Amino acid sequence: MIPLLILAPLILLAAFGAVWMARPVHAALMLALTLALVAVLYLALGADFIGLVQFAVYVGAVAVLIVFSLLITRPGDEAEEIERRPRSLVTGLFCTLPVLAVLAYTAVFGSNIKLIPWQPKLSIAELGEMLFTSHAPAVLALAVLLTAVMIGAALFAREPDKPQDDSSEK
Amino acid sequence: MEAQPNTPATSPPDKPARWVMPGLGLFQGLAVTGKNMVQSFYKKERMTTVQYPEERAPISPNFRNFPFLVYDNDPKAGLRCTACSICEKECPPQCIYIVLERDENGKSLKRPKVFDIDLSVCMNCGICAEVCPFDSIYMDGEYELSTDDRFGGLLFGLDRLSKSAEYHMKLRPEQASEVMARRKADEEKKAAAAAAKIAKAKADAEAKKAAAEEKGGEQ
Amino acid sequence: MLPLAAVISEPSLFSLEHLPRLPQRLVELLLGNFGAPEWLVSIAGFLVAAGTVVGVFLGGFALLSLIERKTLARIQNRIGPNRAGWFGILQPVADGIKMLTKEDIVPDKAEKFLHLLAPILIVVPAILALGVIPYGREWTPVSLELGLLFFFAVGSLTELSVFIAGWASGSKFPMLGAMRAISQMISYELPLIITALGVVMVSGTLSLPHIVEQQNGGFWHWNFFTPWGFFAGILFFICSIAEANRCPFDLPEGESEIVAGHMTEYSGFKYALFFMGEYLGLFAISALGITLFLGGWQAPLPGLGFVPTWIWFFGKLAFVIFLFLWIRGTYPRVRIDQLMRFAWLCMIPMALLTLPAAGVWHFTGRGLLSWVLVVPLLLVPWVIVGVIFNKRLAAATRTYTFADG
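Protein chains in written order, with the working numbering: chain A, 1 to 170; chain B, 171 to 389; chain C, 390 to 794.
Hints may be right or wrong, so weigh each one.
[As the list claims (entries may be wrong)] Short derived list, chain C residues pointing at chain B, Cβ under 7 Å:
id	residue
1	R463
2	I464
3	N466
4	P721
5	R722
[What the hints assert, rightly or not] With a Cα cut of at most 25 Å, we get these calculated PhoX-like pairs of lysine-lysine:
id	chain 1	residue 1	chain 2	residue 2
6	C	K459	B	K205
7	B	K385	B	K372
8	B	K333	B	K283
9	B	K246	B	K277
10	C	K498	C	K561
11	B	K259	B	K246
12	B	K213	C	K459
13	B	K259	B	K283
14	B	K214	C	K459
No lab work stands behind these hints, which were simulated from the structure alone. Bear in mind the structure is a predicted one, so any value in this text is a computation, not a measurement. For each residue, glycine too, the CB sits at the ideal point set by N, CA and C.
Extracted from the complex, chain A is given alone in its bound form (with noise of 0.2 Å):
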């Protein structure tokens, strides 16, 4: 409970600085600093894997995806970003607060919410044995989304075949 009571607030505050910020740098160093507080509560919960995955991928891949995009692309207008906060604030409290109800009304009212038992910890073995009998499905179809996704990336990522020149031949 004491780690979630310190975590949470931090972990709020970063993702209300990710949001905020307006430059969009700024914004992403934010989102990879909340991403690496949910992990290190994944850790502080005892899930150790799921933690460290969450950092070598949504920190260490994810994150530094986006600030490298954010290199190779034009900045913004800054004022003009900060001239649309409060319009933004508006739609962005629109948009969540019926969210945060919901949330808040199942937590407070729901009846069929049942409290999950405390399962000892899968070991990592466990874990990979499981992911690939009974979740060996799940595992393959992603595969092949993935690999199709990479097919793509790669078929993008060549140069168009250029109109063979003719005068240079002769």
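Place chains B and C on chain A using the hints.
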């Protein structure tokens, strides 16, 4: 332009390209550097660096750095410089400062009272040495001129600029001996001219005398 | 019980094998003797154990900065630093004093906070990664079940800190350096992890001490001396050169091109921190490579068990680091397009191939049959890719937008 396949420049065109295992060059490179490293521990002739303050590389006879003034025999009286100020006027960065020495009557003594060269301004072009008509100023081979005194240490006066003709001979034997030979010849010529002048004066006097005598005889 | 008596009651404490753990045990015994609570004792013990590792590797960093310069000098037929102290042994101290007393310059256009954060963030992952390596039979600072995953997870923080350094400097060379560094690290982290996965498949564990335990009994049991491990080890080594930003893959800080890359706008102690992070990262990746492929702390021959295991580990570490130096002194820097092409068209396919090879090796009993099956499985594509890469891809001329008209 059509992209050319990269052909190594070293392989002669008439020799058919031999198939080499890919990546073999990497190991050849490692072997070369490895040999360098091992041999550097016992082959003295491999080492290319000179441990400077303890040992120095010999300087080339054509190395020239900073001007100096030549004197013969005596540092004060033997100074070749006549304070003609040609170098002062020709110096591109104007780092030379000369004051002519005069006696109490204001007559020129034809030697410098002050001869300063500012090291921080001098660009070692050697023009002063080229224009000097008195073989007085030459380029030095000195290169350890750094100092921790910014103002006094970088201004070279007569005491630090004057160096003996022997030093010049040792530094640049070829140039110095040529200069010495020329100066000797000049001196001899001058002496001969002076002797001739004296002889001529004597002859003139005698001729005058003779003429006077002749005149007297006529009278 | 008196502290002395407590120490004497544990005679194994004084053996050479247990030497690296001596400070930790002493502090624990002392504190326990003075009636400190249990949690304080364990925290103090942890701190001392961490301090031992950090101290050893900071000393190694100082030593390596001198040895690197000496080795490079010898390769170039020079003597190297020999003024400060006997044979230049005090050179690291002199460098350290110089770095500490230098002016700390922050550019006007820099993001002040991020500019300060980056050098700190770059040292942290390297030190964290060093914490999970088993250095000896009795000396694993933190023994994690998911040690390998932890190593790569914290290692991924390096990319982010390099980006922060490049971006927060508010200058163009750091920015270009950071872009190069990130694209290089992402490209080479992939084959690095894939080759390490082969070891995980064969060992069946992510715990680094267990991976080392499984390679016991002479050097022919090491992963490097199996057919798939040989190829995977070479790939791992190449990737670790790129990950550590060492020559010939030191494009992120190529002096002749972009001054010092993401470190251009740093000076004084912050620059020293980058330097330290780089060298600690080099130690960490070499230590991981040794753990995965070269048998960790295992002695090369069964009869050599009397030498403490951590001495074997550091001997191997010295050897691997020397290879890094030798390579740095030999090869010129590659071009960025060659680097990326090499990563995506050569390294990643070859690394992927080691996975089925490791599987075949594991399930055919690791005997003669496995050799017969695995060697052609790897050697044939290796030669084919090598020949193709050598002929076509590496020799492809770069087209310049402006220079070629």
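Notebook entry, point to check: Between K246 (chain B) and K277 (chain B), does the CA-CA distance stay at or below 25 Å?
Noted result: Answer holds: K246 (chain B) to K277 (chain B) is near 18 Å, not above 25 Å.
Note to self: Just to be careful, I want the Cα atoms of K213 (chain B) and K459 (chain C) compared with a cutoff of 25 Å; is the pair within it?
What the structure shows: Within the cut-off at roughly 17 Å; holds.
Margin query: Given a cut of 7 Å on the nearest C-beta pair, is the interface hint for P721 (chain C) held or broken against chain B?
Written below: 9 Å, violated
Note to self: Just to be careful, I want the Cα atoms of K259 (chain B) and K283 (chain B) compared with a cutoff of 25 Å; is the pair within it?
What the structure shows: 17 Å, holds
Note to self: The hint names R463 (chain C) as touching chain B; please verify it with the least Cβ-Cβ distance against 7 Å.
What the structure shows: 4 Å, holds
Margin query: Does N466 (chain C) hold up as a contact with chain B if the rule is Cβ-Cβ below 7 Å?
Written below: 5 Å, holds
Notebook entry, point to check: Holds or violated: K214 (chain B) with K459 (chain C), Cα cutoff 25 Å?
Noted result: Roughly 17 Å separates the two Cα atoms, so the pair holds.
Item checked: Pair hint K333 (chain B) and K283 (chain B), alpha-carbon separation not exceeding 25 Å -> 16 Å, holds
Notebook entry, point to check: Hint check: is the beta carbon of R722 (chain C) less than 7 Å from a beta carbon of chain B?
Noted result: 14 Å, violated
Notebook entry, point to check: Taken at face value, is the distance from the CA of K246 (chain B) to the CA of K259 (chain B) at most 25 Å?
Noted result: 23 Å, holds
Margin query: Would the hint linking K459 (chain C) and K205 (chain B) be met if the CA-CA limit is 25 Å?
Written below: This hinted pair holds, its Cα atoms lying about 15 Å apart.
Check: Holds or violated: are the alpha carbons of K498 (chain C) and K561 (chain C) at most 25 Å from each other?
Finding: Judged against 25 Å, a Cα distance of about 11 Å means the pair holds.
In this structure, the earlier hints numbered 4, 5 are contradicted, and the remaining ones agree with it.
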